[in-house]
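Enquirer: Chains as they are written, first to last, in the numbering used here: chain A, 4 to 414; chain B, 4 to 414.
In short, the hints are calculated from the structure, not lab data.
We put the beta carbon where it would ideally sit given N, CA and C, even for glycine.
It is possible that part of the hints are untrue.
To be verified - Heads up, incomplete: computed chain A residues facing chain B, CB under 8 Å, no partners named: (1) Lys154; (2) Val158; (3) Asp196; (4) Lys340; (5) Ile383; (6) Leu386.
Protein chains: 2
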Amino acid sequence: MLNKNYLLPEDALNLILSQIKFRSLPFEEIPIEEAYRRILFEDIHAPEDLPGFLRSTVDGFAVRASDTFGAKEGSPAYLSLKGEIPMGEIPAFSLNPSEAASVATGGMLPEGADAVIMLEHVNIVSDDLIEVLRSIAPGENVIFKDEDVKKGDLVLSAGQILRAQDIGALAGLGITHLKVVKKPIIAIILTGDEIVPHFEKVLPGKVRDVNSFTLDGLAREFGATAIKMGIVKDDYREIKDTVMQAYEIADVVLITGGTSAGVKDMTAKIIEEMGSPGVLFHGVSIKPGKPLIGGVCNNKPVLGLPGHPVAVYVCFELFVRPILKHMTGNKSRGFKKMVNAKLSRSIHSQAGREDFIRVSLEKRDNELWATPLLSKSGLIMSLVRADGVLHIPADLIGIEEGKECLIEIID
Amino acid sequence: MLNKNYLLPEDALNLILSQIKFRSLPFEEIPIEEAYRRILFEDIHAPEDLPGFLRSTVDGFAVRASDTFGAKEGSPAYLSLKGEIPMGEIPAFSLNPSEAASVATGGMLPEGADAVIMLEHVNIVSDDLIEVLRSIAPGENVIFKDEDVKKGDLVLSAGQILRAQDIGALAGLGITHLKVVKKPIIAIILTGDEIVPHFEKVLPGKVRDVNSFTLDGLAREFGATAIKMGIVKDDYREIKDTVMQAYEIADVVLITGGTSAGVKDMTAKIIEEMGSPGVLFHGVSIKPGKPLIGGVCNNKPVLGLPGHPVAVYVCFELFVRPILKHMTGNKSRGFKKMVNAKLSRSIHSQAGREDFIRVSLEKRDNELWATPLLSKSGLIMSLVRADGVLHIPADLIGIEEGKECLIEIID
């Protein structure tokens, strides 16, 4: 079982992606209130200028800047106070030379005014006269009518994930509805004669369903919807029927399990029968996750995941998530939460294989240390105890104790 | 307006937290299917051993390890093959000395067996005889009945955010329901005569509501529920009535706006009237966000946020999020997505003040560069264009062009 027979994960993934249309999922139109974390389907251009009027950014007095030129303490400029501009209203007057008007932050400047002098640079002499103690330039302390956004500007682009502030900006522009990519639907099929539902008491020999819960959570994290197709016995007809149902309703079909000997081949056979090109690879050079079966049937990914909970997790991150990004046209740059930590114990890895080691993190004397959670496959607690994952690339044969490593946080 | 009159954000936050009970929110009991990203209310101990039986981790033959001692190629140990163990079932027989039984990955070992020899280290001589080509130790290639989790072990602890894999582990342990912290309810009150709903056409002088959308998204990101109390005119009675309503139904009350001169004092007065101790600080030494009013009324935070969308964002991250963590007892270590980037332009900062500068990120020649998005306050596009935030601590007076900085990603 030499690893050179298996593809590296990146090559295996590219093989899948090459068979699936980029942004193959359709759009749906929704109110912006529901668009948080959704993926934008089309570019959004500003339908109007923002703020749309000449606006003060401070509390003070709207002026013609030229009236203040040369003003200073001891030699102020005198301006007659024409009135106060109520917040949110169009000023009822315009400003002639040597006139000023009181304005609050966010207020609109009257016709004729081109700057705002701050309260603290003014002496109020009487109800209708102020002394300006400083000279200001045109445009000072104001936002021009198209300074935030100019009509027609690109505001957000297709493929972006909509963040809180992006929804705020859409609201500010008066955009009430928009097109987002439909949520991908992921069908989850569990196979295995030993698997029972989580609410059942287990007899020796049986184990409860772990994977459909982990996969459901990972799907939600991406913004996808998981549909649990149930637990299917290790039987060709039962698995095939369930895969066919799943294929009809879902955008991605995941078949997990197949731990017992004959089932791996059954899963591969069924994927072959579901459509073209069928199975693209059977096994990949990673640990954990080696038995992964990658398939695409008529533009729809159908994957056979190993049954081990840890392998399921790793395969989702390395394969299912990038496939979902591709299908939804999600352009996020994918910055990850990474920390530097020193390795508390040497670990060995096989050349030619990419290893993903779960680690717990601990602070000692203000230094972060990562402890590999080595465990036999099939154990679920190593994932629960893990704060992060250490990736060992294929060209390394291990990492020595005390060495500083980059750890990807899983929170 | 010297900054020494204002508290640093950390001190201001601690003042608020000191007035609110840690984990003041109650619990609710929900099915694990709904618990993804919720905050656990109580420690979870394992109700049983996992996997609960002696289980094979490979495809091979269950043996008594002592029967293989000394075996090697050329001098194999001969064992009689007693039968096959069906996946998911209790073996129908036990293993006597010099006997073996075929078992698949995940299968249960029969009584008497204490190890599994892998398929590739065996020659199958006939239907009832195998040659073992290697010696193995007791416990090799098996998981003991309590090796994943021991009954009574702490599996998850109160205050943890439940991740996909944590829900999987709960399912594996047969836990169907659990107590999580109630979702915090955040009431959002917008004040300002200039604010109109996002679906309205704006006349000059008016601006649309941006902040309730941004705050709603930020609330969801934390796992809180936002209730929009609507837009209230700059009128003491109207604001007071709305704050009183909000106080009744929400766990946190946010009053945003008050850009016009008199309203800041109105908000502070109302917070004072709502309960003890009332206003804790009025203004904090940060930019943006300086006009923040921090208050607690009878164990419930009531904050007056500035009206500028960027300041609202910063105040949520620096104040509201930590307050929510405190109220929910969320113990997450709060690792952030940080990247190193070189600053493309020098920026100046005031000593004694903490600055939060929005930056866009760009790769040039494989190096990441951060460009400060300097903008007049009130602009919303600088937040939309921002990929991250650069924090300049109070003891710096700026950062020079070309210097490497830590940027917190906002995605």
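Enquirer: Minimum Cβ distance from Leu386(A) to chain B below 8 Å?
Expert: holds (4 Å)
Enquirer: Report holds or violated for the interface hint on Lys340(A), using the least CB-CB distance to chain B and a cut-off of 8 Å.
Expert: With a closest approach of 5 Å, the Lys340(A) hint holds.
Enquirer: If you take the shortest Cβ to Cβ gap from Val158(A) to chain B, is it below 8 Å?
Expert: Status holds, d = 7 Å.
Enquirer: Should the interface hint for Lys154(A) be scored as holding, given a Cβ-Cβ cut-off of 8 Å against chain B?
Expert: violated (13 Å)
Enquirer: Grab the minimum C-beta distance from Ile383(A) to chain B and call the hint holds if it beats 8 Å, violated otherwise.
Expert: holds (5 Å)
Enquirer: For the restraint on Asp196(A), tell me whether the closest CB of chain B is nearer than 8 Å.
Expert: Nearest chain B Cβ about 4 Å off; hint holds.
Consistency note: the structure conflicts with earlier hint 1 alone.
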